[in-house]
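J.: All chains, please: the whole structure from these sequences, using the hints.
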Amino acid sequence: GENVEQHPSTLSVQEGDSAVIKCTYSDSASNYFPWYKQELGKGPQLIIDIRSNVGEKKDQRIAVTLNKTAKHFSLHITETQPEDSAVYFCAATSFGNEKLTFGTGTRLTIIP
Amino acid sequence: EAGVVQSPRYKIIEKKQPVAFWCNPISGHNTLYWYLQNLGQGPELLIRYENEEAVDDSQLPKDRFSAERLKGVDSTLKIQPAELGDSAVYLCASSLGSRGETQYFGPGTRLLVL
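Taken in order, these protein sequences are the chains called A and B.
Note that the first sequence covers residues 109 to 220 in the working numbering.
Note that the second sequence covers residues 0 to 113 in the working numbering.
Don't take every hint at face value.
[Unchecked claim] In silico lysine-lysine, PhoX-like type, Cα no more than 25 Å apart, as pairs:
no. : chain 1 : residue 1 : chain 2 : residue 2
1   : A       : K145      : A       : K130
2   : B       : K77       : A       : K207
3   : B       : K77       : A       : K165
4   : B       : K70       : A       : K207
5   : A       : K207      : B       : K14
6   : A       : K150      : B       : K77
7   : B       : K10       : B       : K61
8   : B       : K10       : A       : K145
Simulated from the structure, these hints should not be mistaken for lab results.
T.: This is the structure:
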C-alpha cells in the first residue's frame, strides 16, 4: 500500500518568513495530493490540493509543487502570519484505491 | 453550508464500557469515512461508506468495533467493549463521491478510556 513520509516534524519560522514542508510517497499510481491544516481541538481542514496532471498550484500565500518523477510534493507558505501556526498534514491517494494515506504531520509555529 | 457534524465532542468512559459516536455528513455527500487519529499522528481510515454500503472496512477491528449508515446519511461508530488503547480522536469525513473527491472533516470526538 501507499506510504507517505513528511518532514520536518516541527518547524519554527519568524513571522513574515516562508515555510516549506515536504512529503514523499511510495505508490506511483497516486494522483491526488491534498494538504490539511489542523488547529488544536479541530478536525483537519483542506487548504490546498493538487492533481498529477499539474506541477504547481497557488492560492494566495499558499502553493504546492509536485514532482511525479521523484514522487515528492511540497507545501510553501509565504509571508507567514501567527494564524498559520497549526499542524499540517500531507496526504496521497489514487483513483481506484480511494484510500487517503496521511503523513505524520508538521507542527508549524510562527514566531511573532 | 453546514459542515460535517459529530457528537459527542468529548467522551470519558471506563474500560470495558461501550461507547458510540455519531456523524452527520454534509448534505448531498454520498461517501462517508471514519478515521482514527492517535496523538501526534495523521488520521488512519477505519471504514468507508458509499451510500449505505461499507465498501472498505479492512482496517476496522471487527471484534470490538462496528459501524452502520442506515438510509445512507447519518452514521454511527460503536466500540464494545472499549480498551485503554482506544483513547484517541475519532474523525468523520464526507465527500461527494469517492473518486478523487475532496474529503471534508468534522471536528472529531475525543475519547478517553480510563
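J.: The structure should be examined with respect to each hint, and the outcome stated for every one.
T.: Hints, verified against the model:
1. A:K145 to A:K130: Roughly 14 Å between the alpha carbons, so the hint for K145 of chain A and K130 of chain A holds.
2. B:K77 to A:K207: holds (21 Å)
3. B:K77 to A:K165: violated (40 Å)
4. B:K70 to A:K207: holds (23 Å)
5. A:K207 to B:K14: Violated - the C-alpha atoms of K14 of chain B and K207 of chain A are around 30 Å apart, more than 25 Å.
6. A:K150 to B:K77: holds (21 Å)
7. B:K10 to B:K61: Holds - the C-alpha atoms of K61 of chain B and K10 of chain B are around 21 Å apart, at most 25 Å.
8. B:K10 to A:K145: This hinted pair holds, its Cα atoms lying about 24 Å apart.
When each numbered hint is compared with the structure, violations occur for hints 3, 5.
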